[in-house]
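Based on the provided sequences and hints, a complete structural model is requested.
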Amino acid sequence: MHISIRGEFRKDTFGQAGLILLMATTALALLGPIAVPYNPNHQTHWAFKSPSTFHILGTNHVGQDNWSRLVHGARTSLLVGFSVACIATLISTLVGSSCALKGGLYERIMMRFVDGLLIIPAIVVLILVSAYTKPRLYLLIVLISLFSWAGGARIVRAQALSLKDRAHIWAARSFGGSNWYVMRRHIVPDLGPILVVEFIHSFRRAIFMEAGLAFLGICDPARVSWGIMMRNAIEYSYMNVWVWWLVPAGLALSITILSLAFIGHTLEPFMEPRLREHVDA
Amino acid sequence: MRSIIGRNLPTYFAALLIILSLNFILPRMMPGDPLMAIYGEEALVAMTPELKAFLLRSFALDKPIWEQFFAYLYQMGRGNLGFSYYHSAPTLEVILGRVPWTILLIGSALILSTTFGILLGIESGWRRGKPLDRSLLSGFMALTGFPDFFLGMVFLLVFGVSLGFFPLSGSLTPYSGLSGLPLLFDMVRHLILPVSALTLGHMAGTYLLTRSAMVTVLREPYILSARAKGLPERVICYRHAGRNSLLPVVTRTGIWLGRIITGTLFIEVIFAYPGLGTLTYEALLARDYAVLQGVLLVVAIVVLLANFSLDLLYARIDPRIQHAH
Chain A
5 MHISIRGEFR KDTFGQAGLI LLMATTALAL LGPIAVPYNP NHQTHWAFKS
55 PSTFHILGTN HVGQDNWSRL VHGARTSLLV GFSVACIATL ISTLVGSSCA
105 LKGGLYERIM MRFVDGLLII PAIVVLILVS AYTKPRLYLL IVLISLFSWA
155 GGARIVRAQA LSLKDRAHIW AARSFGGSNW YVMRRHIVPD LGPILVVEFI
205 HSFRRAIFME AGLAFLGICD PARVSWGIMM RNAIEYSYMN VWVWWLVPAG
255 LALSITILSL AFIGHTLEPF MEPRLREHVD A
Chain B
11 MRSIIGRNLP TYFAALLIIL SLNFILPRMM PGDPLMAIYG EEALVAMTPE
61 LKAFLLRSFA LDKPIWEQFF AYLYQMGRGN LGFSYYHSAP TLEVILGRVP
111 WTILLIGSAL ILSTTFGILL GIESGWRRGK PLDRSLLSGF MALTGFPDFF
161 LGMVFLLVFG VSLGFFPLSG SLTPYSGLSG LPLLFDMVRH LILPVSALTL
211 GHMAGTYLLT RSAMVTVLRE PYILSARAKG LPERVICYRH AGRNSLLPVV
261 TRTGIWLGRI ITGTLFIEVI FAYPGLGTLT YEALLARDYA VLQGVLLVVA
311 IVVLLANFSL DLLYARIDPR IQHAH
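Order-wise, the sequence lines are chains A and B.
Residue numbering for the first sequence is 5 to 285, as defined by the numbering used here.
Residue numbering for the second sequence is 11 to 335, as defined by the numbering used here.
FYI, nobody ran anything at the bench for these hints, they're computed from the structure.
Note that this is a predicted model, so its numbers are computed, not measured.
Treat the hints with care, as some may be off.
[Unchecked claim] Computed cross-link-like contacts, DSBU-like style, restricted to lysine-lysine with a CA-CA straight-line distance of at most 35 Å: (1) B:Lys73 with B:Lys62; (2) A:Lys138 with A:Lys53; (3) A:Lys15 with B:Lys73; (4) A:Lys106 with A:Lys168; (5) A:Lys138 with B:Lys239; (6) A:Lys15 with A:Lys168; (7) B:Lys239 with B:Lys140; (8) A:Lys138 with B:Lys62.
Here it is as structure tokens:
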């Protein structure tokens, strides 16, 4: 694949915007907690304060500083998104390439299972599973990962199927290379760009799911999340506090998802080089 | 036509099996007495001994695990999804009571977002690179980032709370005593905000897909020959290019249905719309596990049926499939 990541980004303004926004959010998440003035969980009797020099975004219903919570929320979102993207991409790679290499009954059963998983709306399943298990952050990450690898496995398999008949893989096989060896040394390195795109997509979906589940009240009570901020804020919709409470949390979430969508869209030609001529608007 | 259906049936079967096994295994993995694990402590306190004995017997909960599984499948097949302690009614009855509202919501949003997404996609692809195309593309690209529940909240706060144009919650004005046309009007007024949020949230996907299909189709030789025949622009745009750009949208709608259901779930919670989403949310708060399991099963069956009908539709609109064999 003779497509360079830099080249794609240089041509695409959406992609550049996405990268900048994502870097800004990440910087906020990494550095922010040092810079924010308050502990996000510290409750005071200064509830529902309007923005002031002490509280840039005012305070919430139990007197917590909205700005501090926003910054700490970025940490939760990015942590969940990043971890889920890692686990989901790993499972997709293993399942997808093993299906392509092994073939036969194993492949047919696994692919039916993958298609089945793809049809089922993941959030509904996650709600049920979380109702039983009442997950903490790490279990939540594992659960979201378990329901977001299927699409990637399909794409990896399709690509691996076309890779496995190339000459260098036959050469490796003729020297006695096993399935595992071929997968590790030849298939996975060649899958690189596709895995990057899958990673970005799972990252985006995971952030959306975490916020959505937190909005429904499924979250680690010890963590601050944008979903919880929105859930709390919407209960006081009759007061005019939502402008600096709900809207910043929703915008932060949207901007993060948007930046990942833009990056994913820019990298899309890796999945389908034929698209290259079409995307330029 | 038979081929596409035959190819997809095992998938639907697999999906159903995943849901059924999940519903079966999950509570049985929890520690403690099976009845308590399935229904939760709150439910058990509220149940009469007769009901407990009935559930124990019908789901074979005192038998080995395999017998339990077959008893479970048998009861599901009969439509016995268990008993909701919170609503004190059979789960299936509770769920079916809410389904029409959700279908109304999803149906309107699906029709609107598909129609407008396709129309705008066709127009945009036809005018590729022109100002209209550029602004539509940027607008929809930006829209892909906004989760539909955030759109819903903003709509609720701006048009409902601040401006007061629309009612804030529910599907009908309670105790209004309306009937006939005013009742319909009231229903539509309650529907506008949630449906707009859902439609906007899901139009971008259809638009982007139609646009890119349109751009590809416009290069096909048959477009050139249509032009050579001197056909009017509109006919080429809609009958030759547009119709063929529909195919990817139909294939994707099945996959998107799951996303729209997810979106509807959040939107219903925000607008307290009395459909499956609000039911799920109430069940989550009340730890009414039977309802959560039932909703999952019903949603899965609806999605599978919808996908199956899309397969049929696909075979009808793609001429190549009818003559494929």
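A quick look at each hint next to the structure:
{"no.": "1", "hint": "B:Lys73 with B:Lys62", "in the structure": "holds (15 Å)"}
{"no.": "2", "hint": "A:Lys138 with A:Lys53", "in the structure": "holds (33 Å)"}
{"no.": "3", "hint": "A:Lys15 with B:Lys73", "in the structure": "violated (65 Å)"}
{"no.": "4", "hint": "A:Lys106 with A:Lys168", "in the structure": "holds (11 Å)"}
{"no.": "5", "hint": "A:Lys138 with B:Lys239", "in the structure": "violated (66 Å)"}
{"no.": "6", "hint": "A:Lys15 with A:Lys168", "in the structure": "holds (32 Å)"}
{"no.": "7", "hint": "B:Lys239 with B:Lys140", "in the structure": "holds (25 Å)"}
{"no.": "8", "hint": "A:Lys138 with B:Lys62", "in the structure": "holds (25 Å)"}
The earlier numbered hints that this structure contradicts are 3, 5.
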